Amino acid sequence: NAGVTQTPKFRVLKTGQSMTLLCAQDMNHEYMYWYRQDPGMGLRLIHYSVGEGTTAKGEVPDGYNVSRLKKQNFLLGLESAAPSQTSVYFCASSRVGEQYFGPGTRLTVT
Amino acid sequence: GESVGLHLPTLSVQEGDNSIINCAYSNSASDYFIWYKQESGKGPQFIIDIRSNMDKRQGQRVTVLLNKTVKHLSLQIAATQPGDSAVYFCAEKEGSQGNLIFGKGTKLSVKP
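Read top to bottom, the protein sequences are chains A and B.
Sequential numbering of the first sequence, starting at 18, is according to my numbering.
Sequential numbering of the second sequence, starting at 10, is according to my numbering.
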């Protein structure tokens, strides 16, 4: 099992550009999550999904969109990147209980 | 809103000593708690969890204690090793449909 994988690992964007982060899990988990982590901060939930075809807003959803067209994939989109979105992004998946995290994507917006 | 916090942002211990990392939570309805370890440049890794119907749970070299009266959670690491150096996060959850709420983390440094 690869667990939770994320692509890309690193990305640099200019303000106003768009991009999509891909998360994939091979554990047949129903729940998937996108978090951001800023220096000295804990993880903050952006969006999550409780199953294929469903998405919901988390704590900090503004400026992001998500889609869960397939159970194993959860996409995070930035339509018009802003410097405030410079962060490390983590995807996670779970059944009920503990969440399994991917290795993260480091995004810099200049 | 409710939040999970930590008493100390950094903790430095000698190799071989025991470590205790503390966490305060404020949502009395939370019924599930997790400790995660995050090494530099990696994603958080599950260490141990505990449900609110328990007050202690032991794993390999780790023990989690839950005191619901004062809403306090602690992680004890026995015989701390250099490989234990990381940031440790506690997280809480309310109900089966609730999302995890993470604390800001405690950095553990192990001196050889």
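Keep in mind that the hints were calculated from the coordinates and are not lab data.
These numbers come from a predicted model, not from an experiment.
Backbone N, C-alpha and C fix where the C-beta goes; we use that ideal spot for every residue, glycine too.
Errors might be hidden in some of the hints.
Unchecked claim - No farther apart than 30 Å at their CA atoms in a straight line, the calculated lysine-lysine pairs in the DSBU-like style are these: (1) A/K88 to B/K65; (2) A/K26 to B/K65; (3) B/K65 to B/K113; (4) B/K51 to A/K87.
To be verified - Label pairs and their computed distance ranges (CB to CB): (5) A/G114 to B/K77: 40 to 48 Å; (6) B/P121 to A/V29: 30 to 38 Å; (7) B/A38 to A/R112: 32 to 40 Å; (8) B/S61 to A/L39: 48 to 56 Å.
Each hint tested on the structure:
1. With a C-alpha separation of about 35 Å, the suggested pairing of A/K88 with B/K65 is violated against the 30 Å cut-off.
2. The hinted pair formed by A/K26 and B/K65 fails the criterion: a straight-line CA distance of about 38 Å is larger than 30 Å.
3. For the given pair, B/K65 sits about 23 Å from B/K113 by alpha-carbon distance, which is consistent with the 30 Å threshold.
4. Pair hint B/K51 plus A/K87 holds up; C-alpha atoms about 26 Å apart against a cutoff of 30 Å.
5. For A/G114 and B/K77, the hinted distance range of 40 to 48 Å is not satisfied, since their beta carbons lie about 19 Å from each other.
6. Remark: the range hint 30 to 38 Å for B/P121 to A/V29 is upheld by a beta-carbon distance near 37 Å.
7. Our hint of 32 to 40 Å for B/A38 and A/R112 is violated, since their Cβ atoms are close to 21 Å apart.
8. Our hint of 48 to 56 Å for B/S61 and A/L39 is violated, since their Cβ atoms are close to 36 Å apart.
Violation of the numbered hints given earlier is confined to hints 1, 2, 5, 7 and 8; the remaining hints are satisfied by the structure.
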